[in-house]
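Work out the full structure, taking the sequences as your base and the hints as a guide.
Chains as they are written, first to last, in the numbering used here: chain A, -11 to 320; chain B, -11 to 320.
Keep in mind the hints are simulated off the structure, nothing from the lab. Here the structure is a predicted model, which is why all the values come from computation and not from measurement. Be aware that a few hints might be false.
Given that identical chains are not distinguished, each listed pair holds provided it fits within a single copy or across any two copies.
[What the hints assert, rightly or not] The calculated lysine-lysine pairs, modelled on DSSO-like cross-linking and capped at a C-alpha distance of 30 Å, are: (1) Lys169 with Lys308; (2) Lys102 with Lys292; (3) Lys98 with Lys204; (4) Lys137 with Lys84; (5) Lys88 with Lys219; (6) Lys299 with Lys204; (7) Lys169 with Lys312; (8) Lys219 with Lys204; (9) Lys84 with Lys169; (10) Lys204 with Lys226; (11) Lys292 with Lys204.
Number of protein chains: 2
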Amino acid sequence: MRRLACLLATLTVTLPVAGGLPAQSADPLPSWNEGTTRQQIISFVEAVTDPDSPDFVPEDERIAVFDNDGTLWAEQPIYFQLAFAIDRVKTVAEEKPELKEQEPYRSILKGDLKPLMAGGEHAILEVVMATHADMTTDEFAAIVADWLKTARHPTTGRPYTEMVYQPMLELLAYMRANGFKTFIVSGGGVEFMRVFSEQVYGIPPEQVIGSTIVTKFEMRPTGPVLIRLPKIDFIDDKDGKPVGINRNIGRRPIAAFGNSDGDLQMLEWTTAGTGRRLGAIVHHTDARREWAYDRNSHIGRLDKALDEGRKDGWTIIDMKDDWKVIFPPVRP
Amino acid sequence: MRRLACLLATLTVTLPVAGGLPAQSADPLPSWNEGTTRQQIISFVEAVTDPDSPDFVPEDERIAVFDNDGTLWAEQPIYFQLAFAIDRVKTVAEEKPELKEQEPYRSILKGDLKPLMAGGEHAILEVVMATHADMTTDEFAAIVADWLKTARHPTTGRPYTEMVYQPMLELLAYMRANGFKTFIVSGGGVEFMRVFSEQVYGIPPEQVIGSTIVTKFEMRPTGPVLIRLPKIDFIDDKDGKPVGINRNIGRRPIAAFGNSDGDLQMLEWTTAGTGRRLGAIVHHTDARREWAYDRNSHIGRLDKALDEGRKDGWTIIDMKDDWKVIFPPVRP
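Right under this line is the structure:
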């Protein structure tokens, strides 16, 4: 374990990250175009941080929650954690050769994802379990760190940790500079995200909430370990998001950022609190620089939340119009 | 809900708290006697915070976890949360009169706890469910806050929030002043502890880990609520403590404080990490000023953890010898 922990430490330090957090400057949101969206965000932050404002919120109550896939980083053409699972199938099939003859593994190994996608949520869950469980938490973290170092996004060729939204990195830093505690609240696996959240987003592991699988304490001759079992513990999506927030944070956020119907209940829960609140939706409108999708997308479907957001006055972030750049600059 | 939230805010502000955190002074641990125990703690903190020490730990990795019952506040003659449940039986029996004829409720209402205690864990769990569930999270928090304001400890007559250990309040403040993030990791209910943790211990809700019951998001005509269901979600005790730590914190603590065999796995998990670690046990040795109990106690049984702690060089805090005072001074 000592060796693995050291390995992990090494890997983590060398994760590919572009740009990083923006340098201190007069404008805290340099990648955001002037306009209503930017103004709504700044006006909210100023109102809750000004001690003379009727909307003032004490610092320890300034909780802001962010969805991850499609809100902080991209989620096309498939969720990045699913890309990890698919890459892992090769390794797992070497350990369990019988999988090579079973669907959807057989097709995945030939590069064909159709049987996997046709199997829907059930098939995806099965592949996730086969690739994410039956190992210790330390082993899993090392595997994820290793994958992030080498894997590349299929259309941009960039490391996944560079497929993050530069304007959102600036927003996270801006809110923290104003006394906010920033949390990720994602349907993604919590132990997958924690490997890169601190380095990429400046969000420490204890502020990452996500889906979990059942984990078991075991005393081995070499010392105690936590084993990841192939069994779902908690799905942090839709109705689950307010539940996860309540379980891990224990107070209601005053700001929430999402991009899909999976974030609807989190946005409702946040904005229904007393006092001034900010609900915001990242709307994928930029087919040229990113992807354009909403009501008819299988990934990140945004339908009900868009209607409710427009009706209730949530801030709708239009990626095409509101953002000067999408991704951090490519490193030389 | 708005009314309840306001009510809760009012109640929380007026919780009885004695002493508070110690004033800034040359000695950060004024209630600790000079000696080995005090020295072991200070030497650990100095080693991990000194950038020139081989044991140096970066600030964001300085995670310290504390059990609550018997470690931060007393747990005799019964766990304080059980005292809350018993007091709640009166109210619940008014709402559900059929309980008045059923054991253990019938006896509890007459002040007799024997049938409850004879029923063991199962009976206690049933009473906890009957008194802690079927309401919203906001309603539950308001009930707990109200109880803490009025309830008094049966032998000292003090509010429960004054039955906290003054030396541990100093220790929490000392560790935080040295860049530690302090967490509670307790078998107690997380939503019970969060009502007072920030005001009494300076530990915010998001740093409290405890047992949970299943909670459900529900959209009501008045807005969204979280309903507490009478079903166990997670028991944060024994094997569960490292699991809870992994789920909510996502990295291994470097210091752990407990007082019973329920803390054994948390202490093992913490001290098995690489680098310098501190495992510590609060040993209840003071029959005059507090209570003296260990191996043969039903509450806070300390047997295996005491043996393992002595063998592995954990710091054993002897309440009688190491602490100048136990509780904060009584307010005039």
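Here is what the structure says about each hint:
no., hint, verdict
1, Lys169 with Lys308, "within (28 Å within a copy, 40 Å between copies)"
2, Lys102 with Lys292, "within (28 Å within a copy, 54 Å between copies)"
3, Lys98 with Lys204, "neither (34 Å within a copy, 42 Å between copies)"
4, Lys137 with Lys84, "within (25 Å within a copy, 60 Å between copies)"
5, Lys88 with Lys219, "within (22 Å within a copy, 41 Å between copies)"
6, Lys299 with Lys204, "between (45 Å within a copy, 25 Å between copies)"
7, Lys169 with Lys312, "within (26 Å within a copy, 37 Å between copies)"
8, Lys219 with Lys204, "both (11 Å within a copy, 21 Å between copies)"
9, Lys84 with Lys169, "neither (43 Å within a copy, 42 Å between copies)"
10, Lys204 with Lys226, "both (26 Å within a copy, 11 Å between copies)"
11, Lys292 with Lys204, "between (38 Å within a copy, 20 Å between copies)"
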